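These protein sequence lines map, in sequence, to chains A, B, C and D.
Heads up: the first sequence is residues 1 to 637, going by the working numbering.
Heads up: the second sequence is residues 638 to 973, going by the working numbering.
Heads up: the third sequence is residues 974 to 1105, going by the working numbering.
Heads up: the fourth sequence is residues 1106 to 1309, going by the working numbering.
The set of hints was computed from the structure by calculation and includes no laboratory data.
Keep in mind that a hint or two might mislead.
Here are the computed lysine-lysine pairs in the DSS-like style, where the Cα-Cα straight-line distance is at most 27 Å [what the hints assert, rightly or not]:
1. 439/A <-> 805/B
2. 945/B <-> 911/B
3. 945/B <-> 164/A
4. 911/B <-> 164/A
5. 805/B <-> 911/B
Keep in mind the model is a prediction, meaning the values are calculated, not measured.
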Amino acid sequence: MTDVGPALRHRDDAEGRETLATIERTWQSPKGFFGWFTHVNHTNIGRRFVATALIFFAIAGVLGLLMRWQLSAPLNEVLDPDTYNQVMTVHGTAMMFLFAIPAMEGIAIYLVPLMIGARDMAFPRLNAFGYYVYLIGGVIFLLSLPLGIAPAAGWFNYVPLSNKEFSPGLGVDIWTTMITFIEVAALTAAVELIVTIFKLRAPGMSLNRMPIFVWAVLVMSFMILFAMPSVIVASAMLMMDRLVDTQFFVAEAGGSPLLWQHLFWFFGHPEVYIIFVPALGIVTSVVVTFAQRPVFGYTALVLALVSVGMVSFGLWVHHMYTTGLPFMGRSFFMAASAMISIPSGVQIFCWIMTLWGARIRFEVPMLWVLSFFAVFITGGLTGVMVASVPFDRQVHDTYFVVAHFHYVLVGGAVFPLMAGLYYWYPKAVGRMLSDRMGKWSVGLSFVGFNLAFFPMHQLGLEGMPRRIYTYLPEMDWGFLNQLATVGAIILAVGFGLTFWNLIYSAYRGTVADENPWNAPTLEWATTSPPLNCNFAQQPVVQDDRPLWSWPERGKRTVVGGLRTDRRETMVTTLLDARPQSVQVLPGPTPWPFVSAVAASVGFLGLIFSPWFYLIGFFGAFVTFVFWFWPRKPYRED
Amino acid sequence: MEMQKVTSATGLGTRGLLLFVVLLVSGCSGVQSVLDPAAPDARLIARLSWWMFASGTFVLIVTLGMLLVAVNLQRGGDRIDVSFRTSAIIVAIGGVAAPVIAIIAVGVSGVLIGDQAEGAEDVGLTVEVHGNRWWWEFRYLDEAGEVTAVTANELHLPVGERAHLLLKSDDVIHSFWVPNLQGKTDLIPGVTNSLYTEPEVAGTWRAQCAEYCGIQHALMAALVVAEPREAFDAWLAQQAAPAVVTEHPGLDVFLDYECGECHAIRGTAADGQKGPDLTHLASRETLAAATLPNTPGNLGGWITSTHKVKPGALMPPTAPEQQELFALIEYLGMLE
Amino acid sequence: MQAESDPQQDDLILAKQEGREALSAWAGWVMAPAAWALHQGIGYAMVPWLCALGTRWPYHALTVFAVGLCIGGALMSRKALRRSRHIRPEHSRMRVRMMALIGLMFSAAAFGGILVEYLPSFLIDTCNGVDR
Amino acid sequence: MTKDIPVEVAVDASDITRFAPHTHPLWWGILAAVAIEAAVVANLLTSYFYLWARTDAWPPEGVEPPPLLWPTLILVVLPLSSVTMWWAGKGSDAGRMRQLALGVSASVLLACVAIGFRSIQIAQFDILWSDHAYGSILWAITGFHYTHVVSAIVGTAAVAILAWMGYFTPERQLGVVVDTLYWYFVAGVYLPIYLVLYWAPRLL
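Isolated chain A (complex conformation):
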């Protein structure tokens, strides 16, 4: 703590150093192995979320490569069909639940408090709890694959295929319990983010001054809040069907297989946008910074984000066009599905107009964003096509759809995520990522991606269905599949370079400045990496780009009078962000970890016996009570 850091440069005297040292001690996380389990600071938890998600991404990516290897030639025998189906199921599930959502949440957890000028999130301990839940659930889920007991019913687990009768063994049980468990983590993060954004914004940051990224995270969190419950209900029903012989999905006993599809897709469709909405926020941040001008159409972008969130709840039936629903009912969803093109179009053109004629710096994050444009627009256009009932009845469940959603998800979410990694890495680590490796990574990923997934459109139209472990030589799909496999390898090399870059630059990268890109938002107003307390003094803002307007105003406004000997952060009003009260945040504690372990015992046990419901419930409850029980000496004002 000898370096006072720029945050307190105005008081770079003995007293200033002393004050900052006290605050930093207050906000410090314990060191050592056991200390690791007590961390609650959002920067620690956010970093862990992102790192874990990236590891899961790599694993799921390797599974994707395995599938591509198997499919590179007709009647290939790299994987036997059962293994292939397990690999396919785990690839899809892991990419969705273990990588995409947690990675976005992790970035949000890391950045949102910094961006809104808060010192931490509203419920730091809940945050830590969510992480352990995610880690435990994810590891157990992935372990099922090497043990050979992984689920093999596809990531959307259609009943009756996933019933006990047609999927005996533990696979689907592991899916239902662990996915529900991981969703608990997603829900805690969503609650946490909503409350943090609502109540902990820096004074002056009224709703119309929030960075677009924060708006995107807010929309994402609300979507999680309303979408996840339906898949939790669905998987709980499936769990009970398998465990205690309920009849929710059994047609002979009054149940309905279509109920599962409705519940699953009512979650499943928003899920795609849950992944994609924060990516839009990342794109906006990058576009603004590298065009060096305020975003065009702030209000329009907010409108677009919120309407993407809302409309996404009205599209789920377009996953069920082929299930024999009445035609008029389906036709309602045709227009609704195509409607998502309006907010997407508005956003794309707002970005184009922001970039129009600007002096753009083509740094690596900007290059990722440019590849995002090309790939995402293609995916969006095929998305409008599959909104059409007759066309969808031909391409549904074929490789055309595989191509479409990889264009949307990889192009629309992973490329922006990569842009985000390159953009915010200097802030989080304090060093720049290698530029050369970054450029190679963008180029290889872009070429590899298109080579891997573009031919799949053609394959789908030639009749290749999804989720097949092999195909006959007479089908003539061999060449395009080979092409796709080559592309997948190039794509993997591209992403792999970024992974290596992340590790390499942590030690060898050039040291990053406080604000290396000259960005306008608050996360760049503190040291790189941020102080334990984020901001020595919480900022007060007058517009949505404080770092550009402070120099113009010639002064930087801050909050004074927060105590240094305990963790305090400002609470402001929801809409106008007027100062309202001060929240005292809790310090390091192991209880979230203990609670997560207790809850995971309950969930894991459910695979074997329904009684673990009670064990987990009461186990978690007891630890919660310990967690919340006020400790003496009670807080005094």
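Since chain A is already given, all that's left is putting chains B, C and D on it; use the hints.
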């Protein structure tokens, strides 16, 4: 296929956009292809597809073109500030007006074409399609709804007549899809769905299960044969009749090894219902759900090493003595 | 407590209107999506019933109701927008304008969305594909 | 660069309250949790109607809808426990800590009575969860609400113990406020469940 020559000629280094164009312009003639329609419904959808590909490509080029202009406009020069009004107009045209046109176009064309392509008028023949793990059964119904003939993995239809397929499943969800003829519809336990189709020309196409249904989903297919009415009638009469040979050493082998527990050969003691009806096995072109050509060698291989051909298939492999196997193959080969 | 150095009376005028504004500025946010969701959800669920009934008037009534909700939302948002016209762009209460503007646009979007979803009912027979 | 710009203290937090239980972030957190639970209930009730719509007989042949007596008694007891909860909150706002302790304890007792009634009523169900989808959804919704009442009781019991220990003060009553909010939800959500499970099959 023609398309492959074109793509390989341009080489692997082809850039995305070029590839896009190349792939699109090369129609291909497959037995399982959306872009090679052989029925009015599929033709309508194929035409719609081409329209959508063309307009999609146009939109992609325009939007990316604008982006390229935007980012290249001022490389190194001074920055240009576009007025709020101009920007707003461009956003309104590109982001609102164009999508609205697209929505209306997609919506109206989808409704009209979709409705027509699912049309249920002038239905002649009715066939029950049963999805099983992992093979198809077709039961031909007469006017009264009685089953006249049962066959497996080979659907025959008269040319130029609209057939009504009743889709049923007793195990998991499957989806019946003949890309050349019609879009797919799912077979869902507890529900009977309908699909209407009308081949325009005589020919053979491939039907594929399109909804993931377990370990052998990949190789769950069937042949769809469209033939003129007379040929079809003859075929149906033949399929409706009991087995042509009911006394043969091979049949004894069949019964000894309990094949009759699952398979039926009408006119003999074999009356199992779990597996495909084999009464006229020799009349079919393929074995194992359109996976192998129907030759004596393949039949023997399928009987003895079922799980090498299709791991996880529900038929247990049988290992008769060589003599018995030959008799069995010979007998099954006589079941015209 | 204000971070801005705005004239005090500005805040006073605004504070008086706050209650009404808070409601009307949010009207479009709540009513428009609700109208769209109702129209779509109920419309979707009522198709087999409409087919059995042999008439479409319940659906028309539903559409009129949903469109009415949208128009109501739009009117209230417009009112909030007008009332907030004098707010200076650098004031933090600019967000009232933003909320109202977004509410207005939501109402317009939902209105359009409902009409586009309403359109097919004129082009096709209700009973197509209602087998069960 | 930011660090070179002179600083001005625009908001002084020294005098701003550290105790604001009614606008505390935790209050909003519980509200979000309630929104999640409400979404779960909405999904369950929608599933109930969906299954109903796809079945010929609901409840299935030979099964009676659950009797009305006990559920209706619960409909009295649970709101009553909310009233005592509200009264307890009033007390803690005004600094009458005895009232708080009494009110909270009364709520716990009333909820225990409700759980008792609920158990009787579950024993009266005419159908098992494994017999028919109707039984499955009936038991699932009932079990869901049962679990919530139990967890509300456990949480409130903890608050009651703290209240008797004299932990709470007018400033330090966040626990009471959030517990009350959750309690209102658990009591309030019973109404739609009651109407759907007990009246809908009789009336529709």
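Would the pair residue 911/B and residue 164/A pass a check requiring their Cα atoms to be no farther apart than 27 Å?
20 Å, holds
Are the Cα positions of residue 945/B and residue 911/B separated by 27 Å at most?
Holds, because 21 Å separates the two Cα atoms, which is no more than 27 Å.
Please work out if residue 945/B and residue 164/A have their alpha carbons no farther apart than 27 Å.
Within the cut-off at roughly 26 Å; holds.
Proposed proximity, residue 911/B with residue 805/B (alpha carbon, max 27 Å)
15 Å, holds
Pair hint residue 439/A and residue 805/B, alpha-carbon separation not exceeding 27 Å
With a Cα-Cα distance of about 54 Å, the restraint between residue 439/A and residue 805/B is violated, given a limit of 27 Å.
In summary, the one numbered hint that this structure violates is 1.
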